[in-house]
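**Student:** Residues per chain, in single letters:
There are 2 protein chains.
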Amino acid sequence: MTTTKLYGGNEAGGKKIVCSITSGPDQIVQEIRFSTTTPEDTLRRAIQFFEPFVANRQINSIGIGCFGPLDLNPKSATYGFITATPKPHWSNVDVRGTLQRKLNVTIGFDSDVNVAALGEYTWGASRGYDPSLYLTIGTGIGGGYLINGKSLIGLLNLEMGHIRIPHNRELDPFHGSCPFHDDCFEGLASGPAIEKRLGVTGVIVPESDAFWDIEAEYIASALMNYILTLSPKKIILGGGVMQREFLFPKIRRKVLELLNGYVSSKSVLENIDQYIVPPGLGNQS
Amino acid sequence: MTTTKLYGGNEAGGKKIVCSITSGPDQIVQEIRFSTTTPEDTLRRAIQFFEPFVANRQINSIGIGCFGPLDLNPKSATYGFITATPKPHWSNVDVRGTLQRKLNVTIGFDSDVNVAALGEYTWGASRGYDPSLYLTIGTGIGGGYLINGKSLIGLLNLEMGHIRIPHNRELDPFHGSCPFHDDCFEGLASGPAIEKRLGVTGVIVPESDAFWDIEAEYIASALMNYILTLSPKKIILGGGVMQREFLFPKIRRKVLELLNGYVSSKSVLENIDQYIVPPGLGNQS
Chain A
140 MTTTKLYGGN EAGGKKIVCS ITSGPDQIVQ EIRFSTTTPE DTLRRAIQFF
190 EPFVANRQIN SIGIGCFGPL DLNPKSATYG FITATPKPHW SNVDVRGTLQ
240 RKLNVTIGFD SDVNVAALGE YTWGASRGYD PSLYLTIGTG IGGGYLINGK
290 SLIGLLNLEM GHIRIPHNRE LDPFHGSCPF HDDCFEGLAS GPAIEKRLGV
340 TGVIVPESDA FWDIEAEYIA SALMNYILTL SPKKIILGGG VMQREFLFPK
390 IRRKVLELLN GYVSSKSVLE NIDQYIVPPG LGNQS
Chain B
140 MTTTKLYGGN EAGGKKIVCS ITSGPDQIVQ EIRFSTTTPE DTLRRAIQFF
190 EPFVANRQIN SIGIGCFGPL DLNPKSATYG FITATPKPHW SNVDVRGTLQ
240 RKLNVTIGFD SDVNVAALGE YTWGASRGYD PSLYLTIGTG IGGGYLINGK
290 SLIGLLNLEM GHIRIPHNRE LDPFHGSCPF HDDCFEGLAS GPAIEKRLGV
340 TGVIVPESDA FWDIEAEYIA SALMNYILTL SPKKIILGGG VMQREFLFPK
390 IRRKVLELLN GYVSSKSVLE NIDQYIVPPG LGNQS
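For the protein sequence lines, the chains are A and B, in the order given.
Numbering of the first sequence is given in our numbering, commencing with residue 140 and proceeding in unit increments.
Numbering of the second sequence is given in our numbering, commencing with residue 140 and proceeding in unit increments.
Everything labelled a hint here was simulated from the structure, so no lab data went into it.
One thing to keep in mind: the hints can contain errors.
Note that identical chains are pooled: a pair holds if it fits in a single copy or bridges any two copies.
When the alpha-carbon atoms are kept at most 27 Å apart in a straight line, the in silico BS3-like pairs for lysine-lysine are as follows [unchecked claim]:
hint	residue 1	residue 2
1	Lys214	Lys226
2	Lys155	Lys372
3	Lys389	Lys241
4	Lys214	Lys372
5	Lys226	Lys405
6	Lys335	Lys289
7	Lys405	Lys289
As the structure is a prediction and not an experimental result, all values here were calculated from the model.
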């Protein structure tokens with residue numbers, strides 16, 4: 140019998156589910172991945188995976204990072220539910236409660252991006268930096284903001300990917316892809332927005348394409364707003380779009396240009412290479 | 140000798156200073172107001188006002204709400220200083236330390252807008268609402284955000300008045316008045332921006348003027364960004380521009396229109412009249 144402390148992890152995405160037993164950031168003891176289908180089928184498979192570890196008392200808690208929108212208010216009657224989502228079958232599903240009742244262990248429940256932010260704060264690039272911001276730019280755009288080591292929960296789950304930013308329609312006539320807000324940040328700069336605008340996935344758009352300067356400006360505009368509003372000590376940019384690493388220097392340069400000296404912090408003005416960074420855990424966060 | 144607990148308050152604005160001794164939000168025991176001149180002269184007058192109350196042990200703490208930008212990091216060597224400001228003579232002035240050394244009392248030091256936010260949270264419109272946001276729209280635009288009853292301090296003092304928002308130049312060709320960012324929120328919607336654009340102070344622009352719809356949209360855009368990023372449970376709008384009370388319904392309507400149903404909170408969707416409100420303490424906060 141092992142004496143290493145083990146953790147149960149459940150990363151519930153809109154496309155796939157990853158259930159894992161780990162003893163640290165790089166030590167995966169066991170892991171399964173499967174497609175997200177109906178809630179009944181999907182949650183049943185997750186429960187089956189964890190059951191033996193619970194029965195053998197190898198784990199007594201499971202952390203769930205779930206796609207949203209979520210009810211994260213512990214005082215709410217629908218705490219731990221996925222709320223209204225465009226994804227068929229998944230509106231008003233009690234993800235947390237279902238696992239809790241079947242497995243009878245402590246369940247940590249948060250949004251996928253908050254869990255990624257916490258992973259980076261515990262083991263990765265934002266370790267020791269409080270408050271910190273983790274932003275994922277991929278299929279959607281979402282932010283996890285940690286203060287005093289905890290994710291900020293206010294009136295509602297943060298949806299900072301949907302903020303309004305300047306959109307120069309002469310330079311970029313694209314209408315925007317957000318079904319709610321057209322040309323909000325996500326509607327202009329997410330993976331699907333890039334694909335809809337250019338007709339091809341961003342993965343194959345060459346680094347020399349002038350579009351990337353426009354993309355970098357959108358991301359820099361949003362970062363400027365987050366810096367002035369949330370004042371994070373570290374900003375991590377993850378997600379599929381940020382796999383194009385040449386974007387980092389473009390974004391950093393543009394953030395400095397937009398702020399125009401209006402912050403007196405050396406972390407920003409002189410060490411921006413260490414201020415806006417990729418995830419320390421790669422795809423593991 | 141009075142047994143009522145008294146508080147020392149020092150509101151240090153760029154134009155005038157108010158020093159007061161109070162026993163509560165509406166109970167001003169004594170108060171003086173004078174113009175902000177040089178740091179030496181101004182701080183000396185404040186110290187002279189408080190000295191007798193300290194000597195008689197009537198107060199043992201003073202709260203200072205100061206104009207910025209400020210160093211609010213207690214671990215910093217220049218904590219309590221005004222940092223780089225365009226206001227002549229006031230860059231790198233040790234406001235907190237000067238009063239601390241001369242009066243030898245506990246000094247609470249924060250930005251003017253954070254102190255206003257705290258006043259509203261203690262006695263006013265945001266009492267019981269955590270997190271909460273206080274926004275002042277006047278000579279400048281500034282925000283105070285309280286979480287767990289304290290103002291958010293991260294890397295730097297929040298400067299959320301300078302966020303980037305959409306600017307439709309066909310509808311509003313005004314270039315913007317911010318010396319750092321041209322058409323940031325403050326550059327588009329502050330009192331001086333209104334006056335520079337219209338040639339007259341906003342105080343005398345009639346309610347029927349079409350400009351107020353543009354103004355309301357700028358404010359609503361910024362509020363949408365703050366809601367999605369900070370998730371406050373109450374938003375208070377103060378400052379000179381918000382004295383034009385007809386702006387409130389315009390702003391609330393526009394916030395709902397921009398969010399377009401994208402938040403699942405009844406506080407926002409159904410009770411916006413109670414969500415975005417004027418200060419409970421009027422000019423006292």
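**Student:** Are any of the numbered hints broken by this structure? If so, which, sorted upward?
**Tutor:** 2, 3 and 6
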